[in-house]
Structure formats: structure tokens, C-alpha cells
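> So the chains spell out like this:
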Amino acid sequence: MSDAQTNGNSSGAAPGAPEAAIETFALTRNFGEICAVDHISLGVPHGEIFGLLGPNGAGKSTTIKMLTTLLEPTSGTARVAGFDIVAAPEEVRRRIGYVPQMLSADGALTGIENLTLSAKLYGMARAERKERIAEALEFMGLADAATRLVRTYSGGMIRRLEVAQAMLHRPAVLFLDEPTIGLDPVARRTVWERLRELKERYGITVLITTHDMDEAEELCDELAIMHQGKIGVIGKPAELRATLGEGATLDDVFAHYSGGSIHEGGNYGDIQRTRRVASRLG
Amino acid sequence: MATSSAHAELPAVSAKTSSIFSLFSESAAIAEVELKKVLRDPTELFTRAVQPTLWLVVFGQVFSRVRGIPTGNVSYLAFMTPGILAQSVLFAAIFYGIAVIWERDLGIIHKLLVSPAHRAAFVLGKAISSGFRGGMQCVIIYILALALHIQIQWKVLSILGVFAGVGLGSAIFATFSLIIACIVKSRERFMGIGQVLTMPLFFASNAIYPLALMPKWLRVVALVNPLTYLVDALRGLMIAGGQNTHNMAGNFGLLIAIFVVLAAIAARLYPTLVR
Chain A
1 MSDAQTNGNS
11 SGAAPGAPEA
21 AIETFALTRN
31 FGEICAVDHI
41 SLGVPHGEIF
51 GLLGPNGAGK
61 STTIKMLTTL
71 LEPTSGTARV
81 AGFDIVAAPE
91 EVRRRIGYVP
101 QMLSADGALT
111 GIENLTLSAK
121 LYGMARAERK
131 ERIAEALEFM
141 GLADAATRLV
151 RTYSGGMIRR
161 LEVAQAMLHR
171 PAVLFLDEPT
181 IGLDPVARRT
191 VWERLRELKE
201 RYGITVLITT
211 HDMDEAEELC
221 DELAIMHQGK
231 IGVIGKPAEL
241 RATLGEGATL
251 DDVFAHYSGG
261 SIHEGGNYGD
271 IQRTRRVASR
281 LG
Chain B
1 MATSSAHAEL
11 PAVSAKTSSI
21 FSLFSESAAI
31 AEVELKKVLR
41 DPTELFTRAV
51 QPTLWLVVFG
61 QVFSRVRGIP
71 TGNVSYLAFM
81 TPGILAQSVL
91 FAAIFYGIAV
101 IWERDLGIIH
111 KLLVSPAHRA
121 AFVLGKAISS
131 GFRGGMQCVI
141 IYILALALHI
151 QIQWKVLSIL
161 GVFAGVGLGS
171 AIFATFSLII
181 ACIVKSRERF
191 MGIGQVLTMP
201 LFFASNAIYP
211 LALMPKWLRV
221 VALVNPLTYL
231 VDALRGLMIA
241 GGQNTHNMAG
251 NFGLLIAIFV
261 VLAAIAARLY
271 PTLVR
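In order, the protein sequence lines correspond to chains A and B.
Going by the numbering used here, the first residue of the first sequence is number 1, and it counts up by one from there.
Going by the numbering used here, the first residue of the second sequence is number 1, and it counts up by one from there.
Please keep in mind that the hints were generated in silico from the structure rather than gathered at the bench.
Hints may contain errors.
Stated by the list, open to error - Estimated spans, in silico, between C-beta atoms of each pair:
| no. | chain 1 | residue 1 | chain 2 | residue 2 | range |
| --- | --- | --- | --- | --- | --- |
| 1 | A | A88 | B | W102 | 28 to 36 Å |
| 2 | A | L244 | B | L23 | 22 to 30 Å |
| 3 | A | T243 | B | L23 | 35 to 43 Å |
| 4 | B | V139 | A | A88 | 45 to 53 Å |
| 5 | B | I183 | A | R148 | 33 to 41 Å |
| 6 | A | P185 | B | V261 | 48 to 56 Å |
| 7 | B | L223 | A | D144 | 58 to 66 Å |
Unchecked claim - Think about it this way: if two alpha-carbon atoms lie no more than 25 Å apart in a straight line, the pair counts; the simulated SDA-like pairs of lysine to any residue are:
| no. | chain 1 | residue 1 | chain 2 | residue 2 |
| --- | --- | --- | --- | --- |
| 8 | A | K130 | B | L113 |
| 9 | B | K37 | A | A145 |
| 10 | A | K230 | A | D251 |
None of the values given here were measured: they were computed from a predicted structure.
Note that beta-carbon positions come from the ideal geometry of N, C-alpha and C, so glycine has one too.
Excised from the complex, chain B in its bound form (with noise of 0.2 Å):
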């Protein structure tokens, strides 16, 4: 397959390194990147901080007079803190493809596309980045959770399993978003579709009341969307006397089952972009 330009032969010797690794190194070059930016310009990370100190100050506080809500031996607003940690990074990352139909459109996606790196890279480093970004939401939280006088459980392994369930989770919700993104293109139908998601997702899940007390039909409902297992870990590991319903080990095997579902269709689609 030589061809006669000596130019054609330079820049495969640096391609021999094994494949694995070189999506990796690839990917973390994407993330490194996109972390840059936000690091750059941190309001976003500010502004995200907005809502759950609404719903952990103003909606908490308020339903956690009600009492009507069974929530065993922790009180409601410790209840509900690990749902709206969840919920947050939910919002924050269904957005996350929007950033890509902006690159599309800027060209950027078009370069990146004609590079040698493996497809699947450019997906998984927005997920990375993604996912630290749950991470600094999961700052937040706590930060709040302390302010509140909710009780933590402040142990090494629970706190690095509430990140690592949340970097998860944000990875999962902005995969689903980089999805939604190749498939509509433009950025006003993604608005539309993102608005029309996160509610449903949000309200379907056991992020502010437990499963038990839901009608069977939005139980059913909630046992297909990920974020109630999400919630179902964090609520395990984040909090002093809660308790996940299902198994943890069966909670992050799902969600790591999720991720690499969505990250291999949305491998596939991103391609399409330029199309």
C-alpha cells in the first residue's frame, strides 16, 4: 500500500502503540480540554449550585414539617439530600449535547472527525469531563449538607463511592444527551427534547419520595430509568442510617452496564454529525 510520497509513511510510526491505550490517551486528551474550560470560566459550575439550594432549603425544609413521607430511620431533608445530588447532576448533564451541536456547527466536530483517534474517544472524554463535573456538583451538596446539620456518613470508602456514583451517573446522562444531539442537530429541538425529559426523569424516580409509596404503573416506571438507581446508591453511601433498597454491587453494575450501552450507540452516531 506504499505510495510513492515519503510523507505518507511518517506519521504511522507513532500509530503502533496498542489500540487501548491509545483510546484512552485520546479521550483523556478531549476531557483534559473540555476540563480547561470550565476551570476557565467556573460560573457555570456557580449557577448549578442554585437549585439544589432551592429544593434542599426552601422545598426541604418546608416537606420535612409534612411528616407524611416514610422515610425510616432518617429524616426527610436526609432522605431527599442524595435525590437531589442526583437530580442535579441530572439537569446539569442533559444539557451537556448541546455543547456539541455548537461545535458542529463551529466545524470542530468536522476536525475532530478527520483525525486518526478512535470515534469512541471524542464520547468518552466528554463523558470524563462529565463526570467531573458531577464531581464539583458533589462538592456542592456537601458543602449544603453541612450547612443543613444533615448527617453524613464520613467515611472514605462511602464519600469516594458517592463520587464515583455520581461521576457514573453524569457520564450516563451525558451520553444520553451527546445521543439526543446527533439525532435532532439542531440546538432549538434539543432545548425542547432536554425540557421535556428532565421533569418526567426527575419526578419518575425515588429522588424525592421512596418507590413504596408510588401507584405500581410509575413504580414500573421508575425501575427502567437509571436514575433511580443512582439515587438508590447514593442514598446507601451518603448518608449517616440510609439505606439503598436494591443491592449497591447491583446498583453500579447496572449503571456501568447503562454507560457502556449509551457509549458504544452514541460511538456509532457521532459520525452523523458531519453529515
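Only chain A is shown next, with the shape it has when bound in the complex (with noise of 0.2 Å):
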């Protein structure tokens, strides 16, 4: 993984080492004609913060989604904290941590009754319970405001609270989708600091997706951007912007691999989810 690589659909960790998190074997969705997820194969090692980025409808967000066994792969399959999600997707269930990209913190419940629903959800047994979302919540920097509603929390306070539900129960990896959309630049960089925090702090892995440069320079170790479902290129930030020359910078080997602006791209759909998520988190 020390050189970036251009050569398309395979590339990261070479498939089947054991010390990786997150492998994936030609995974590929195709939603009838369309193929959103073009066989790609990549490898994530234990305890980094991999960025996958690309424009919006570049095939990401069906890549979580197969990585965290929401939806099945048309054909390929991918190795989650050791086991594969297809033939053993309960197995990848109690191992991962997801935060989706749209508001998944009940607003109607408290801070602590959202995150009580996921460790009953994760068979955790009441005094397990109790340590681990006080811990959750002190980690998260939520413990004052635990008893409150979630619909009085600030945008930035509920992408906390999701992070603290989905690392509850200790994931070896955990998957955020798009995790600061919508975020204040202040917000944001909480939101950062605790991710490579939980990185440090208990060796989890993280898997993001975004498209959002600085956090990609910022917060991941390694980056693959996608484009039209396939894998573009694969490396560390720096090693990126080196592919392209001095003084590149990241949204330029963006345009590069991507073949065009960040801002193309994504239909209907994908635009009223991200700005309905937007303006909820404001």
C-alpha cells in the first residue's frame, strides 16, 4: 500500500492478507442495466481511516451498502472484520458500526433512549449496558445532554450521538456515510477529531465516504476515489497529489480520476437526500 496505483479495479492490500478489515473480491451491484458497482477489489488494513470518495452517483453509497450487508452484491463478494457478507452476513452484523448519511437518531427519544434501543438491538445485557453508553456518552462529549430530546440537539450533536450508537458494542469496523455533510466548519472538526480518536483510543477501522476534500486530506490515511463504479485510483493523500506534480492538489487529482468536476454528477435523488440532510442538520 505504499505506492499509489493506478491500474483501475484491483489494487490496496493485496486480497486475502490476513490484516486486513475490509477486503473486497470483484464486488459488484448492478440495478438492472445500470452497474453501479463495477467489480472492484480493495483492501482496507486494521485501524485506518479510509476515505472512499467520488461524485455523487459514482457507485459509494452502494458500496457501504453491500460492505454492511444492506444489500446484496450481483456478483463478488467482500470480507468484513473477517468474514464474508454474503455467506455470513449476522457474523459481519455484530462486528460493524454504521452511520448512515441521512438523520438516523429518533428525534421523538432522549439521547440515552436512542442509544439504550441500539445496545438491546446488539443483545447487550443490562449492566454491559449501562458502562458501555456512559462511556459511549463521555467519549462523544454528550454526557450533559443525554436526558434531552434528540430534536433539541444541535446538528452536530446527533452526528455524535449516531457515533456513539454504532460504536456501543466495540466494531472492528465502523462505516459512516458521507459523516459531516451539513456540518459548521466547528462541528466538522469534532466530528474528526473523535473518529480518529475512536482509531487510537480502541484500533477500530473506518471506512467513510465523502466528497469532501478537506476532510479526505484531513481525517483519511488512504483514499480510493470512484468513479462510474469503478475504482480510479488507490493511495495516501500525499502520494496522490505527487502523481499529478507539484503543487496538485487534491481536488485536482479528483478531477483527474473522476474525469470531471466534484460537482457533476448525482441525480434528483441523490440531490433532495443531501439537501434534505443539509438542512435538517442546520
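The task is to assemble the complex, starting from two chains supplied on their own in separate frames and drawing on the hints.
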């Protein structure tokens, strides 16, 4: 994983390497005639923050849905936290956490109630539950707001609560779909800092999707740029910039490998969803 | 299957509890959350009392004077009270699925489905909470019946039977609604279908007139309508002198069977909400 690779469909840690937290093997998903994810093979080592970049409609969300067992691949497969997503989805589910792009915390419940529901769905016993919830609230800086209804939270607090929900059961791999979309700069930094701390303290592997170049540069150890269902390139942010020569920014890298500007692409549904999230978080 | 990650083994420890027990506790967790939300904002429960009040106080009072509908040894008002209870349960539960579409748009369903909980728990949890809401509607109808001097059967077993029947009926229609939601996936289409379904289910049943009065084709429709069996059971249990035309155990057995089938279908379809 030291050099940026540009061989399109296969890159990253060698598939089969025991240290990989996520490995995909020609992972593919078609929707009718459209191929949303096209034979991607990549590996994410343990304890890394990995960013999946791409314009709307590039296949990031479909990839994350397959890796989190929400969607079955049309062909190919992946191993997440040591288990096959097609053959053993239940085992995968026990070992991952997921923060959807949309607001998934329930506004009509308090912070603690949201966390309690998650803990129960992960089968935690009462004593373990209390301890983990207190720890997660503390870790995410929400202890003071724990008994307030989530609809009174700020966007940044809701995001942190969602991360708290996703980390309760100490997952090996945490997936976040556009984790800071619609957040103000301060809230955004807080989320980044917490994710880094999750990685440092608990050794959790984090995979995020984003089309925010700052987020990619500052948060991610490694990036894959997706375009039309394929991986354009994989590498560390600095390596990717270096491939385009001196003074190149990640925006340039992005434009180079995704065949255009970051603002292009995306269908009506994508835009609607993004706006809805943004307005709710704002 | 062990990985090099120590974390991977941690959550599996508490997952050793038996499957049935965890299905039950997961369903209870979902139901608890739903009920907490209703009790926190009970306006919904009050607005639901309006329709049955209109049916009993306005429609019922007037039609009681017609005396054209043979209702055995009970008044028409007493005859229709269990029917209106069943109808109010149907009308409330049939729109229950819209909440799921809302939760889907929010991303709540995505998060639930990524958890290792049984897929059936999401369906059963909703059904249980719908059953409890039905119970609250029961209380409202009992109060209305008292106010209208309808002769109620004040036996503990009968009252428990009414609540059980209403809970079951409410679970059936809520699960049916969930299935529709999983298929249409949009609020607009869901509302349309919900509107189209409620009245036919109501009129093609024995809720406000006996099966014996119906033309043959309608009776056939009524006999495949679960509402008919719910009304029949409630009629035998709730009203003093009220009679069920079908066997009481048969009514309950059939309702349970319908619920099991619908719940199995809904649990299958539920994961397709996020695809």
C-alpha cells in the first residue's frame, strides 16, 4: 500500500492478506441495466481511516450498503472483519457499526433512549449496557445532554450521538456515509477528532464516504477515488497529489480520476437526499 | 474464522443467548420505543376517538330507529359497537406503515438493519406496539359505550378477550400496512392505497350489518376479510346478549394464523426497504 496505484480495478492491500479489515473481491452491483459498482477489489488494513471519494452517483453508497450487508452483491463478494458479507452477514453485523448519511437518531427520543435501543438490538446485558452507554456518552461529549430529546440537539451533537450508537458494541469496523455533510466547520472538526480518537484508542477501522476534499485530506490515511462504479486510484493523500506533479491539490487529483468536477453528477434523488440532510442538520 | 482483531470477538459474547429469547427482547425493545413516543405525545390517541364517537353517537343513534336490520336480541347500537371498535382499530392500524416509510427516509431503518437483531423483531416490535395502541382505543370505546348506556358484558374473561382480540386485529392490520409500505416505499402512493383499502374492508364486513343481509357475492368477500372474524369475536365477547356466528376459538385461531403469515411476509420484505 505504499505507492499510489492506477490499475483501476485491483489495488490496495493484497486480497487474502490476514491483516485487512475490509477486502472486496470483484464486488459488483447492478440495478437493472445500470452497473452501480463494477468489479471493485480493494483492501483496507486494520486501524486505518479509509476514504471513499467520488461524485454523486459514483457508487460509494452502493458499495457501503453492500459492505454493511444492506444490499447483496450481484456478483463478487467481500470480507469485513473476517467474515464474508454474503455467506455470513449476521457475523459481519455483530462486528460493524454504521452511521447512515441521513439522520438516523430518533428525534422523539432522548440520547440515552436512542443508545439503549441500539444496545438492546446488539444483545447487550443490562450491566454491560449501562457501562457502555456511559462510556460512549462521555467519549462523544454528550453526557450533559443525555436525557434531552434529540430533536433539541444541534446537528453536530446528533452526529456525535449517532457515532456513539455505532461504537457501543465496540465494532471492528465503523462505516460512515458522508459523516460531516451539512455540519458547520467547528462541528465538523469535532467529528473528525472523535473519529481519529476512536481509531487511536480502540483500534477501530473506519471507512467513510465523502466528497469533501478537506475531509479526505485531513482525516483519511488512505483514499480511493470512485468513478462510474470503478476505483480510479488508491493511495495516501500525499501520494495521490504527488502523482499529478508539484503543487497539485486533491481537487486536481479528484478531477483527474473522476473525469470532471466534483460538483457534476448525481441524480435527482441524490440531490434531494443531500439537501434534506443538510437542512435538517443546519 | 477468527481475525487478528481482538475487537471482533467481543460482541459475540453476549450473542450466545438463545435465539427465541433474543427475538423476544429485541421485539420488546422496538415496541417499548414506539410506545414511549405515543405516550410522550398522546394527541394521536385523542384524535382517534373522534371517528368512533361520530359513528356511535350520530350514525348509530339514527339507524337504531330504523329497526330494519335484524340484530337478534340486542339493540342496533349494541350490535354495531363492536363493529365500530374493530373499524377504529382497522383505520388506525392500516396507516401504521407510513411511519416506516418516514423512518426509511430518515435512515433509521438502515441503522436498524445493520444491527444483528432478527429481521422479524422489527416487524413484531411494530405489531406489539400497534396492539397496545389498539388497547387504548378499546378503553375509549368502552367509555363511549358506557355513556350511551349500551349493555356491556362485565366479565373479566370477556373484557380480556376483547383486549386480546383488538390487540391481535391491530397487529394484523399494522403488519399488513407494513407490507404495503415495503412494496410502495413512498408516502404519496402509500396514502392512496391506504385510502382505497379502508372503506372496502369496512363495508365488506359484518361491522355494521350482519352477513345474512348481504348479497351472496358480498358475503363471499366478507368471509375472506379478517375484519369479519375480529368483529364476530368482539360481538360475542363485548356486548351483553351479543352473539358470535362463528366459533370463538375458530375466530381467534384464524386471526392468529393470519398474523403469523403476514408477519412472516413482512419480515421477508422489511430489508428491501433500504435497497
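> Does each hint fit the structure? Answer for all of them.
So, going through the hints one by one against the coordinates:
1. A/A88 - B/W102: 28 to 36 Å: holds, 32 Å
2. A/L244 - B/L23: 22 to 30 Å: violated, 54 Å
3. A/T243 - B/L23: 35 to 43 Å: Check failed, 52 Å falls outside 35 to 43 Å.
4. B/V139 - A/A88: 45 to 53 Å: holds, 47 Å
5. B/I183 - A/R148: 33 to 41 Å: For B/I183 and A/R148 the Cβ distance comes to about 37 Å; the hint holds.
6. A/P185 - B/V261: 48 to 56 Å: holds, 53 Å
7. B/L223 - A/D144: 58 to 66 Å: For A/D144 against B/L223, whose Cβ atoms are near 60 Å apart, the range 58 to 66 Å holds.
8. A/K130 - B/L113: Status holds; Cα separation ~23 Å.
9. B/K37 - A/A145: holds, 19 Å
10. A/K230 - A/D251: This hinted pair holds, its Cα atoms lying about 18 Å apart.
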